[in-house]
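S.K.: The chain contents come next:
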Amino acid sequence: MLTKRIIPCLDIRNRKVTKGVRFQNNIDLGDPIEMAVSYSKGGADELVFYDITASAERRPIDIDMVREIGKVVHIPFAVGGGLRTLDDMYNVLDAGAEKVSVNSLAVEDPDIIGEMARVLGCQNVVLGMDPVRTDAITSCPSGYEITTRGFRTRTGMDALEWAKRAADLGAGEIVVNSVDADGTQDGFELTLTKLISTSVGVPVVASGGAGNPQHLIDVFQLAHADAAIVASMTHTGRYTIAQIKEELDAAGVPVRKTW
Amino acid sequence: MITIVDYKAGNLTSVRLAFEAIGVEAQITRDPEVVADAKRVVFPGVGAAKSAMEHLRELELIEALKLVISLGRPFLGICLGTQVICDWSEEDGGVECLGIVPGNVRRFQTEDPLCKIPQMGWNHVEFVMPHPLFRDIKSGSEFYFVHSYYPAPADPSYTLAETEYAGTRFASILGKGNLAATQFHPERSGRIGLQFLTNFARWEGLC
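Those protein sequence lines, which keep their order, are chains A and B. Residues in the first sequence are numbered from 3 upward in steps of one, following our numbering. Residues in the second sequence are numbered from 4 upward in steps of one, following our numbering.
Heads up, none of these hints are tricks.
Taking lysine-lysine pairs in the DSSO-like style, the calculated list, with each CA pair at most 27 Å apart, reads: (1) B:K53 <-> B:K11; (2) B:K141 <-> A:K73; (3) A:K73 <-> B:K42; (4) A:K73 <-> B:K11.
Just so you know, the hints here were simulated from the structure itself, not pulled from any lab data.
Pulled out of the complex, with its shape left as it was, chain A reads as follows (with noise of 0.2 Å):
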C-alpha cells in the first residue's frame, strides 16, 4: 500500500534555515545541510527547501547548496525560490533535486508549467500556491483566493480553479499552503486542502499549520492529503519524524516504517 508522505521544508535564508509566522520573524534554526541529513537519517520522507529570498533580492537559487544537499540526501527532494527559467530549473535538476517548485512565476504564466512539464517531466513539476480565505465569492467560488509573492498580492484567482488548470497544464504535483494557517501550529487548512484533493488527478501535499501528530491524522484522514508538510514542530525538536509516524500509524494511516 502507497504510504503517506511527511516532508520537512526547509525555508532558508542566508544559507539558515529559517522559520518565521506568515512569512514575518523569521528566526533562524539551524544549518540547511545538517537538518537535511539529520531528516533524511530520521525517516522523512521527502524534503522540500525553498530559498525564501531569492525572488525578493532578484537572485537566483543557491545552487551550490542544492549540489551540496543532492551529495549527501537520498531521498527526494524539492526546490523551489528564485527559478525563473528553465535552465535555473534543469540546473536544479542536474544538482540533484527530484523535484523544481514554482509558485508566483506560474501565476503570472501559467504556460510556464506546460513548457517545464514537457522540458522537466511532469513528475519533477511541483506547483506551490499560497491561498487565503476569501469573502468574495464571485471571483472565487471556493472562497479562497491565489496570493504571490509570500502572500503580500492578492491576485482574484479562484484556489480550486487554479489547482485545476494547473493539474491539465501539467503540474505533477500540487503544494496547497494555506496563508491561514501557515506558521500557527494550529493544524492545516482541512476544508480547502480535500476540495483540491477530491478534484485533481494528481498528488496534493498539505502545507501550513502542523503543531501535533493529530493534525498530521486529520488532514491526512478528513482532507485525503497524499502528503503532509511538517516545519516548526519538527524543526526545534518537539516532535521526531518517528514519534509522528507512530501516531500517525496507530491511527490506521499508512507511514513508510522502515529506513
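Following the hints, position chain B against chain A.
M.R.: This is chain B only, laid out in the frame that chain A set:
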C-alpha cells in the same frame, strides 16, 4: 566501475550521486562502445516510452544494450528503463520496446478519484524469491516510486518482487540471470535503496 546509460530520458545525477555515496565509481555515457564494453550497467530513465525508444535508436544504443546483457554483465534497469526492456508498452497508443523481457507495460486503471496516477511515494516491495540483490533488506521494505505504467511480465518466473497499487499487484522487480530491473528508484530510496545499489555493485550476475 558502474556504467550509467544516458539516452536523454531524464536527469541521471541522482543515480551517479547514489553510487558515489556508497563509494562506487560511476560514469554516465551515451557511447554505444562504452556500453557494450561495460562491466556493470545501470539503465535508468524517466519520461515517456516513445521518446525513450526514439533516443535509443538515434544514439544507436539498442545493439550495445542487448550485447552487454548477452555477455552476462550485471544489468540493472530502473523505472522507465525497466519498462522499455519489455516487449511493448500501451503508452501513447502503443510503443514497440526492446523485447528483452517477455511481457507488456500497462497503465494503472482506477475508478477511485482518491487514487492518484501517477503513483508517487513510498510503497512496500514484497520479495517473492530470494536473490543476491536483497541481501540485508527485509521483504516488505518501502521504496520510492513515481510511475503511471507498470511492467506485466508474460513469464511469471521473471517476477522477483511485487507491489500493490490502484487495485493491482504488479511486478516491482523483474529479473532473470544477470538482469534485474526495478520499477522504483533505489537511488531515491534512502538507506535501504543504497543497500540495494551496494548489493548490485557486488553482484556477479548470478542467482
